[in-house]
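Asker: From these two lone chains plus the hints, build me the complex, please.
Listed below, chain by chain, are the residues.
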Amino acid sequence: MDATENKTAAATQKTQPGFVYLPLIAGWLVPGAGHFLLRKWGRGALLAVSILGMFALGIAMQGKVYANAHDILHMLGLAGDLGNGLLYVVSRMMGLGADTVQVTTADYGTQFIVVAGLLNVISAVDAHNLRTGRKM
Amino acid sequence: MLHPSHFASVVLFAFFASIVFGITQRETPRCMVRYGIYCFVLFVGSAVALSWAMYLIAR
Numbered sequence: 001m002d003a004t005e006n007k008t009a010a011a012t013q014k015t016q017p018g019f020v021y022l023p024l025i026a027g028w029l030v031p032g033a034g035h036f037l038l039r040k041w042g043r044g045a046l047l048a049v050s051i052l053g054m055f056a057l058g059i060a061m062q063g064k065v066y067a068n069a070h071d072i073l074h075m076l077g078l079a080g081d082l083g084n085g086l087l088y089v090v091s092r093m094m095g096l097g098a099d100t101v102q103v104t105t106a107d108y109g110t111q112f113i114v115v116a117g118l119l120n121v122i123s124a125v126d127a128h129n130l131r132t133g134r135k136m
Numbered sequence: 001m002l003h004p005s006h007f008a009s010v011v012l013f014a015f016f017a018s019i020v021f022g023i024t025q026r027e028t029p030r031c032m033v034r035y036g037i038y039c040f041v042l043f044v045g046s047a048v049a050l051s052w053a054m055y056l057i058a059r
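For the record, the sequence lines run as chains G and F. Per the working numbering, the very first residue in the first sequence carries number 1; after that it's consecutive. Per the working numbering, the very first residue in the second sequence carries number 1; after that it's consecutive.
This is chain F alone, in the form it adopts within the complex (with noise of 0.2 Å):
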């Protein structure tokens, strides 16, 4: 079985996801790989800076 780390787990969330978000969401192949990559960087970005601000929220 598969025991991956939460960071872990939001990057392959990222990834797969955004493949599918790219290819759908654009028409040229330049478009949803840019695309692709703007939704993997929202979504671990967005991850990351939520987990920060529920850290110090926390404390």
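Just chain G, same shape as in the assembly (with noise of 0.2 Å):
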């Protein structure tokens, strides 16, 4: 990052005053709401209705929504769920997706939904990276 970018970010935070991880959680919380809190309305929007898209595609497919982590690709397809923050909570609140995977679609559909929360992830990060300057 060379000097200007620099004074750019620094001009960005100072001109933003608040909690800088605020974006980030709330993007992790609610896909496309960091977006939404730097005005980024139209990012937000398609990225809301991709994450959620994908998602509910996943449940609609009777994926699985992990709950516990009884080996290693277990843990690691809860922490993708984990990326979809409420929708994760709400999912398991409400009972959504399969306890077993029973038919091919539900293992796409598993993927799907732990895909979704990488997709969050990225968008969460992409959203504090704007609110901190470092992306435009």
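These are computed hints drawn from the structure, not numbers from a lab. Mixed in with the good hints, there may be bad ones.
To be verified - Computed beta-carbon distance windows for the label pairs: (1) F19(G) x L50(F): 36 to 46 Å; (2) F7(F) x L29(G): 26 to 36 Å; (3) D107(G) x A49(F): 17 to 27 Å; (4) Q102(G) x V11(F): 39 to 49 Å; (5) L56(F) x W41(G): 30 to 40 Å.
As the list claims (entries may be wrong) - What the simulated footprint calls covered on chain F by chain G, stretch by stretch (three residues with Cβ under 8 Å from a Cβ of chain G suffice, anywhere in the stretch; the number is not a length): (6) 8-14; (7) 35-43.
Claimed, not checked - Partial selection, computed: residues in chain G whose CB lies under 8 Å from chain F: (8) R43; (9) L46; (10) L47; (11) V101; (12) T105; (13) F112; (14) V121; (15) I122; (16) D126; (17) M136.
Remember, predicted model here, so these are calculated numbers, not experimental data. Every residue gets a Cβ at the ideal spot worked out from N, C-alpha and C, and that includes glycine.
Answerer: As structure tokens, then:
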């Protein structure tokens, strides 16, 4: 990062008071919320639709929502699912998703849910980068 | 319940993942669209190519 970018980042931080990690946390809890906080309405809406759509498709395909970690693969799946933030909590509370994978499409659904969580983490980090001025 | 075909699953996965990749990995809208399309083509193209490779190996 050169001197100009450093100045831009510093200026952005000065002009936006408040908790610097708020977009990161909001973006993790609710897909797209980090971008909405930064008034990036279009990007936020597209991210929200993509992540919510992927999660909903995973549930509709009877994908499994990981609840515990018996082995390393389950642990990785659970980590991915936790990336969905409140979606994960709500789906667990409502008992959404299958307990066991019984058909091929359910296996795809499980991966859709995990990847939705990972994509949500990427978008939350992107919101944080926008907030700190690392990205324009 | 939804039971899409294998190919439909690939296309749906590629579509949503490409949107997120495009927005998060590029800065200008034009670059975002171009990178999103690039990712989509790579996702679907590599899935089709690997499917043919596995089909030919299995024969």
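Asker: Does the CB of V101(G) sit less than 8 Å away from some CB of chain F?
Answerer: With a closest approach of 13 Å, the V101(G) hint is violated.
Asker: Against the range 26 to 36 Å, how does the distance between the Cβ atoms of F7(F) and L29(G) compare: consistent or not?
Answerer: 34 Å, holds
Asker: Given the hint of 30 to 40 Å, is the C-beta distance from L56(F) to W41(G) inside that range or not?
Answerer: 48 Å, violated
Asker: Hey, does the I122(G) contact hint survive, CB to chain F under 8 Å?
Answerer: 5 Å, holds
Asker: Can M136(G) be said to touch chain F, with a Cβ gap under 8 Å?
Answerer: Since the shortest Cβ distance to chain F is 5 Å, the answer is holds.
Asker: For the range 17 to 27 Å, tell me whether the beta carbons of D107(G) and A49(F) fit it or not.
Answerer: 22 Å, holds
Asker: Does L47(G) meet its interface restraint, that is, does its C-beta lie within less than 8 Å of any C-beta in chain F?
Answerer: Nearest chain F Cβ about 6 Å off; hint holds.
Asker: Just to be sure I understand the hint, the distance between the Cβ atoms of Q102(G) and V11(F) should be within 39 to 49 Å; is that true here?
Answerer: Violated, since Q102(G) and V11(F) (Cβ atoms, about 24 Å apart) do not stay within the stated range.
Asker: Close enough to count: is the Cβ of R43(G) nearer than 8 Å to one in chain F?
Answerer: 5 Å, holds
Asker: Is the shortest C-beta separation between L46(G) and chain F less than 8 Å?
Answerer: 6 Å, holds
Asker: Would you say the region 8-14 of chain F counts as covered by chain G, given the rule of at least 3 residues with C-beta under 8 Å?
Answerer: holds (count 3)
Asker: Let's test the interface hint: is any C-beta of chain F closer than 8 Å to that of V121(G)?
Answerer: 10 Å, violated
Violated hints for the displayed structure, listed by number in ascending order: 4, 5, 7, 11, 14.
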